[in-house]
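Undergrad: Here are the chains, one letter per residue:
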Amino acid sequence: MTIRSLLIANRGEIAVRIIKAAKALGIRTVQVHSAADADMLAVKLADEAIDIGPPAAKKSYLSIPTVINAAKRAGVDAIHPGYGFLSENGDFADAVEAAGMIFIGPKGDAIRLLGDKVAAREVAKKAGVPTVPGSDGRVDGIVAARKVAETTGFPIMIKAAAGGGGRGIRIANNMAELESQFPMASAEALAAFGDGGLYLEKVISRARHVEVQILGDGENVVHCYERECSLQRRRQKVWEEAQAFLLPARVREKLCASAVALAREVKYRGAGTVEYLYDDETQDFYFIEVNTRIQVEHPVTEMITGIDLVQEMIRVAGGARLSVTQNDIVPRGHAIECRINAEDATRDFMPAPGQIGRLSIPEGEGIRFDTMLYAGYSIPPFYDSLLGKLIVWAETRDACLDRLKGALQQLEIGGVPTTVPLHLALAGDDSVRRGAFHTRFLEAWLEAEFSRQLQSKSEVA
Amino acid sequence: MSIKQVRAPMPGTFYRSSGPDQPPFKADGDTVTSADTIGLIEVMKTFHTVAAGVDGKALRFLVDNEDPVMAGQVIAEVDE
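Protein chains in written order, with the numbering used here: chain X, 1 to 461; chain V, 462 to 541.
So that you can see chain V by itself, here it is in the shape it has in the complex (with noise of 0.2 Å):
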């Protein structure tokens, strides 16, 4: 079993879910697929979805919930 990386493809704030309010996207441990949503990064003030990029069976997230990000930083694993 091979574990890919989700890496974040700008710089900002991380966040899991579309709302404070909101269920997060998806939970540690779920399935993915290449085109499903995982999370949002706002960049100065302007929001963009982060699309999983790779199928796999379970996702396991490396930062928080509003955690500031780099660009290129791994943001979550997923077992292939």
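For reference, chain X alone in the conformation it holds in the complex (with noise of 0.2 Å):
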């Protein structure tokens, strides 16, 4: 069945970005919008749009019935979730398809098995993926813990097979923290999910964090090549980069082998990302985890392969077969992608909604602002604080930091403070054009030298 017409069942740059390539594809859209999203950016681009209850996200955007209603109402071919709210969501995959329409995406099983991180962990293997040392699958009390932590050594990782997002997360550093946390761990994870079922994973110190872009339409798979996404603040993303450039040839080609492995196993269908993490001394890789939507971070993707993936996973849904082979995607040059917050970076990164004043967007080649911004928008409290995306490309990584810095000094966003004189000073941090970074890296990184820059400006002004 071919798509004549879209939902967006999202908010933000993503919805922006989602109209824009439905209409590239000739698509009506439809946009969905809490109360507080009324004067956003989609809206306006929307062919129509339909309120769907109150700001708070749970009563709108997180509600299944509310917005299975408004796409019937609207009578449209299809929902595209976006990212967050309810894009990884198995069951409103299945409620979207049980109403008469196309999810974009893949099944809700799929979806729910790979959500599940000990399941998916069982899929990685299966795949002949590298999985973190640790147990196999869930443990069953503390005997059988201490048994996998004499395998794998210190330190260990205790986690909530049903947690997510950073929770639910602890660290053991010898035998003795082990037993004392395991139980601890249990009772938090039955109280906070509703499962006390945990599992073991050996800690990757210095790690990196690459990903695999993946795109299947439920029979063939291909890989968009990797990403690196080491700068992290509190586990989320700040920037990211495709390729990985430090990454060996050998090591690139068996990750993203093994990241179509895993998703041939599932008979994927749509855009989605294998995660991994690298260990640069040992040249290993083990898998963490899959997100079964588009990401944040595709443009850079997007940059050095010349596939549109968002409209690639339209046409997927819409039953086309995938419009590009392996050997058809060939990358070139390099793209780093900066996440632009209304956040106040010399106030730890204190939200700041506000109404945007003058608004001065950079423009030339290898240049691209994925944005939800105009002039006099007024960005409200009630969700996250992403802007937009600066995403520059050239052929080397040096000449595109180079053109990154000079991009991020004609970006003006008046009104609200913003995270861009962040992304300046890492744009010209030695350790960052060097590529000597880790997850663990940019929290050091901002407690130490960012502050000290932030302290040497206050004192000359």
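Worth flagging that the hints you see were computed from the coordinates, not collected in a lab.
Built from N, CA and C at the ideal position, the CB exists for glycine as well.
There may be inaccurate statements among the hints.
Claimed, not checked - Chain V residues, not near chain X, derived (Cβ > 10 Å throughout):
no., residue
1, Ile-464
2, Pro-485
3, Thr-507
4, Phe-522
5, Val-524
As the list claims (entries may be wrong) - No farther apart than 30 Å at their CA atoms in a straight line, the calculated lysine-lysine pairs in the DSBU-like style are these:
no., chain 1, residue 1, chain 2, residue 2
6, V, Lys-487, X, Lys-58
7, X, Lys-20, X, Lys-405
8, X, Lys-59, V, Lys-506
9, X, Lys-20, X, Lys-59
10, X, Lys-44, V, Lys-506
11, X, Lys-107, X, Lys-267
12, V, Lys-506, X, Lys-20
13, X, Lys-254, X, Lys-126
14, X, Lys-147, X, Lys-125
15, X, Lys-237, X, Lys-126
16, V, Lys-487, X, Lys-59
17, V, Lys-487, X, Lys-405
18, X, Lys-58, V, Lys-506
19, X, Lys-125, X, Lys-254
20, X, Lys-107, V, Lys-487
21, X, Lys-125, X, Lys-202
22, X, Lys-72, X, Lys-44
23, X, Lys-44, X, Lys-59
24, X, Lys-20, X, Lys-237
25, V, Lys-506, X, Lys-237
26, X, Lys-126, X, Lys-107
Relying on the hints, combine the two individually framed chains into one complex.
TA: Quick look at the structure:
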């Protein structure tokens, strides 16, 4: 079935991005919005807009019946969930299908399977993908936990099987800590997630976060190479690159092939990301999880491959085969994405909603700004602080960093503090230029290097 | 007897307890001291505590749990 109309069950910059992709395919767009989002850019750009309720996301964007009713009322063929909200909710995917529409993403069963961390690890193992050394699934009590720790060594992570987003994780540095933490972690997991199940994973220190973009049509799967996403604050990515420039070619080949093997195992349909930890020293990589949706950082992959991932998602959801084969996908140059948030980098990243005054967006070769901003727009306080993503491409990584600096200097967002100063500092940092960073680099750098720079600036002023 | 106002320090969603299954920080009619936490405001997915900022005998909330609030909006009154 061909998709002629599409409801966007999301907001912000990704809603704008989906509308643009749909328009390029000649598809009619219907945008849902909460009462707080009536003025958002996606509402202005869509062919039709529907108010789905109060600002609180659980009463609007997260309410499955409300979104389904809006889609039925609008008579659309399909629903795109974007990222966040209902994008990785298997029950939502099922509800969309049960209502006779197409869900732009994998089947509900695939979402549930890959969303369960223990089950996903089993799928990875079956596909021959290396997993972080640890328990085979859930651990039945402390005796079994002790056995696992004896094999993997310390430090070891105790993780809630039902956890997510960094919640439900404890680290034990020795056997005594494991013995005392294990029962507490189980009780906590039960209280927080309604499931006391735990599993164990060895801690990989000084690892990089590397992830592979995959695309599937339910039969064929290709990869669109990998991204380097190690610069994180509070487990949230801040800056992403494509490709992972320090990865040896041999490792890259194995890494990407393993992601394809995993996706084939579940007959994956849509865009997805297989996330790994990569250890520079041993050159080993380990599977962490699969994200069964489009990701915030997808544009860096688009910039180096020339593939429009959102259009491809829509096409395969409509029943088309993938428009590219693996041989067609040839990465070119280097791309970096900076997440521009409404946060005051000088005041511990305090979020700062407000009204956008003057807006000046850099343009030119290799520069892309995905955003929902316009001059005069009032950013509501109810959702996340992402204002837009500055994506810069150039032939080499060095040239890309230079172009990024120029673009950041030209980017002017009046009215609210943003994380532009943070990105300017990172773009000018020697460690970042050398690629000498890992997943725990940024927080230490913020405390030492960034605060030193802020201090010397305030002294000059 | 005079009435003092407690204003929202920032815009966002107001919560009267630290979690859905937790009791409220304060009930209507409670006495408060300036440092007492009376609620949380969620702004852009981060949570900030709201202190009463005044000492008083009887606290009265003017907004409900999970109501959206604007910066500067009066969220409670306190009888001195």
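Undergrad: Please go over all the hints and tell whether each is borne out by the structure.
TA: Hints, verified against the model:
1. Separation of Ile-464/V from chain X is adequate, the least Cβ-Cβ distance of about 27 Å exceeding the 10 Å criterion.
2. Distance check for Pro-485/V against chain X: the nearest CB is about 18 Å away, which clears 10 Å, and the non-interface claim stands.
3. Remark: the non-interface label on Thr-507/V conflicts with the geometry, its nearest Cβ contact in chain X lying 6 Å away (cut-off 10 Å).
4. The beta carbon of Phe-522/V sits about 18 Å from the closest Cβ of chain X, which is more than 10 Å, so the claim that it is off the interface holds.
5. The Cβ of Val-524/V lies farther than 10 Å from every Cβ of chain X, with a closest approach of about 13 Å, so its non-interface assignment holds.
6. Between Lys-487/V and Lys-58/X, the direct Cα distance comes to roughly 25 Å. Compliance with the 30 Å bound is thereby established for this hinted pair.
7. Distance hint between Lys-20/X and Lys-405/X is fulfilled; the C-alpha atoms sit about 27 Å from each other, no more than 30 Å.
8. Proximity of Lys-59/X to Lys-506/V is assessed by CA-CA distance (about 16 Å); at most 30 Å being required, the pair is judged to hold.
9. The suggested pairing of Lys-20/X with Lys-59/X holds, with an alpha-carbon distance near 27 Å, which does not exceed 30 Å.
10. With a CA separation close to 25 Å, the supplied pair Lys-44/X and Lys-506/V stays within the 30 Å bound.
11. About 10 Å separates the Cα atoms of Lys-107/X and Lys-267/X, which keeps this hinted pair within 30 Å; it holds.
12. Proximity of Lys-506/V to Lys-20/X is assessed by CA-CA distance (about 27 Å); at most 30 Å being required, the pair is judged to hold.
13. At most 30 Å may separate the alpha-carbon atoms for a hinted pair to count; Lys-254/X and Lys-126/X meet this at roughly 16 Å.
14. As the CA atoms of Lys-147/X and Lys-125/X are separated by approximately 20 Å, the hinted pair is consistent with the 30 Å bound.
15. Distance check on the hinted pair: Lys-237/X and Lys-126/X sit about 29 Å apart at the alpha-carbon level, within 30 Å; holds.
16. For the hint pairing Lys-487/V with Lys-59/X, the CA-to-CA distance comes to about 25 Å; that is within 30 Å, so the pair holds.
17. Only pairs whose Cα atoms come within 30 Å are accepted, and Lys-487/V paired with Lys-405/X is rejected, the gap being roughly 50 Å.
18. At roughly 13 Å between alpha-carbon atoms, Lys-58/X and Lys-506/V fall within 30 Å of each other, so this suggested pair holds.
19. At roughly 15 Å between alpha-carbon atoms, Lys-125/X and Lys-254/X fall within 30 Å of each other, so this suggested pair holds.
20. Note on Lys-107/X and Lys-487/V: the hinted pairing is violated, with a Cα-Cα distance of about 46 Å set against a maximum of 30 Å.
21. With a CA separation close to 16 Å, the supplied pair Lys-125/X and Lys-202/X stays within the 30 Å bound.
22. For the suggested pair Lys-72/X and Lys-44/X, the alpha carbons sit about 21 Å apart, so the restraint of at most 30 Å is met.
23. A threshold of 30 Å between alpha carbons decides the hint, and for Lys-44/X with Lys-59/X the separation of about 22 Å falls inside it, so the pair holds.
24. For the given pair, Lys-20/X sits about 24 Å from Lys-237/X by alpha-carbon distance, which is consistent with the 30 Å threshold.
25. Between Lys-506/V and Lys-237/X, the direct Cα distance comes to roughly 15 Å. Compliance with the 30 Å bound is thereby established for this hinted pair.
26. The hinted pair formed by Lys-126/X and Lys-107/X meets the criterion: a straight-line CA distance of about 20 Å does not exceed 30 Å.
Of the numbered hints stated above, those contradicted by the structure are hints 3, 17, 20, listed in ascending order.
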